[in-house]
Amino acid sequence: MQLSDLIHHPDFDYLTPQLAVTGDIPHVRSCDLLSWVMAKGQKGEAWVTVQTHSNIVAVASLLELGCIILPESLQPDEETLQKALSSEVPLLSTSLDTYGIMQLFFQT
Amino acid sequence: MKFEYTITTQNFTTAGEASSNTKKTLKLLGIDSKIIRRAAIMAYEAEMNIAIHSRGGKIQLEIEAHRITIVAEDQGPGIADIDLAMKEGYSTASHEIREMGFGAGMGLPNMKRCADSFDISSTPGGKTRVVMTLNL
Ligand SMILES: Nc1ncnc2c1ncn2[C@@H]1O[C@H](COP(=O)(O)OP(=O)(O)OP(=O)(O)O)[C@@H](O)[C@H]1O
Ligand SMILES: [Mg+2]
Numbered sequence: 002m003q004l005s006d007l008i009h010h011p012d013f014d015y016l017t018p019q020l021a022v023t024g025d026i027p028h029v030r031s032c033d034l035l036s037w038v039m040a041k042g043q044k045g046e047a048w049v050t051v052q053t054h055s056n057i058v059a060v061a062s063l064l065e066l067g068c069i070i071l072p073e074s075l076q077p078d079e080e081t082l083q084k085a086l087s088s089e090v091p092l093l094s095t096s097l098d099t100y101g102i103m104q105l106f107f108q109t
Numbered sequence: 028m029k030f031e032y033t034i035t036t037q038n039f040t041t042a043g044e045a046s047s048n049t050k051k052t053l054k055l056l057g058i059d060s061k062i063i064r065r066a067a068i069m070a071y072e073a074e075m076n077i078a079i080h081s082r083g084g085k086i087q088l089e090i091e092a093h094r095i096t097i098v099a100e101d102q103g104p105g106i107a108d109i110d111l112a113m114k115e116g117y118s119t120a121s122h123e124i125r126e127m128g129f130g131a132g133m134g135l136p137n138m139k140r141c142a143d144s145f146d147i148s149s150t151p152g153g154k155t156r157v158v159m160t161l162n163l
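The listed protein sequences derive, respectively, from chains S and W.
91 is the number that our numbering gives to position 90 of the first sequence; each next residue is one higher, with no gaps.
44 is the number that our numbering gives to position 17 of the second sequence; each next residue is one higher, with no gaps.
Just chain S, with the same shape it has in the complex (with noise of 0.2 Å):
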């Protein structure tokens, strides 16, 4: 799965396009509790949560995640977009959820 695929899908809604998307998304990972992330996760891969505090740009900016995905349509806090903009971390939300964009990256 490529990012690129990701932002143009239909269902999903790219939230920070001031920044430019390249790279292949190795993995994904679905998990709310930030520690957990900080300890598993790994560089480049797709992060979905439901939480939308503008802690989780500070994990995957320091882990360099590929992007982060807000599911079932979830926003973010202003402050976690703006943070998401200077830390250039892609940032998305989709009305899917969690299944359902697991389902998406198995297809592909």
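The hints are simulated quantities; they were obtained by calculation from the structure and are not laboratory data.
Note that the structure is predicted; figures quoted are calculated from it, not measured.
The beta-carbon is built from N, C-alpha and C at its ideal position, and this holds for glycine as well.
It cannot be assumed that every hint is accurate.
Estimated spans, in silico, between C-beta atoms of each pair [unchecked claim]: (1) W:I109 x S:T99: 33 to 43 Å; (2) S:Q108 x W:M28: 42 to 52 Å; (3) W:E123 x S:D12: 28 to 38 Å; (4) S:Q108 x W:V158: 22 to 32 Å.
Starting from the structure of chain S, add chain W with the ligands where the hints point.
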């Protein structure tokens, strides 16, 4: 080379800046990316613990030819049982904090796992001090 970052308690807007600056500094110095990743995890968990569990504190980063040292020190209230605090899954985080995704009880174990040396000292009512090193 020494750097110091101040961490204010319960400030989740700025929480993450000390670890982010630590990472940037190490990157500028051309440190190996695997080491940077470990340092970033150690600094992040130490920083969040100060922000969440203490009255505030600071993180010091020292870079020497063969070693990186991260010292996290706060103004209390200290840890009553360090062995218990080090157990994966143990957390005293409040319900509100857990709802934000903190409080898995993995921060201290994460730090220890990433560091080449790890030392924590604390007294109930006093400060908590964590000293971690990474060999270069
Ligand atoms: N600086 C500190 N001051 C006081 N208590 C602390 C400090 N750091 C850790 N603790 C205590 O140790 C416990 C375990 O810390 P640890 O970082 O492993 O987990 P956590 O912070 O509760 O959750 P997580 O790090 O997974 O979000 C904390 O819940 C807290 O009770
Ligand atoms: Mg912690």
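(request) Given the range 22 to 32 Å, decide if the beta-carbon distance of Q108 (chain S) to V158 (chain W) lies inside it. (result) Once the Cβ atoms are compared, 49 Å apart, the range 22 to 32 Å for V158 (chain W) and Q108 (chain S) is violated.
(request) Could you check the hint for me, namely that Q108 (chain S) and M28 (chain W) are 42 to 52 Å apart, CB to CB? (result) 49 Å, holds
(request) Can you let me know if the beta-carbon spacing of E123 (chain W) and D12 (chain S) is within 28 to 38 Å? (result) Given about 32 Å between the Cβ atoms, the range holds.
(message) Can you tell me whether the CB distance of I109 (chain W) to T99 (chain S) sits inside 33 to 43 Å?
(response) 37 Å, holds
Against the hints set out earlier in the document, a violation occurs for number 4 only.
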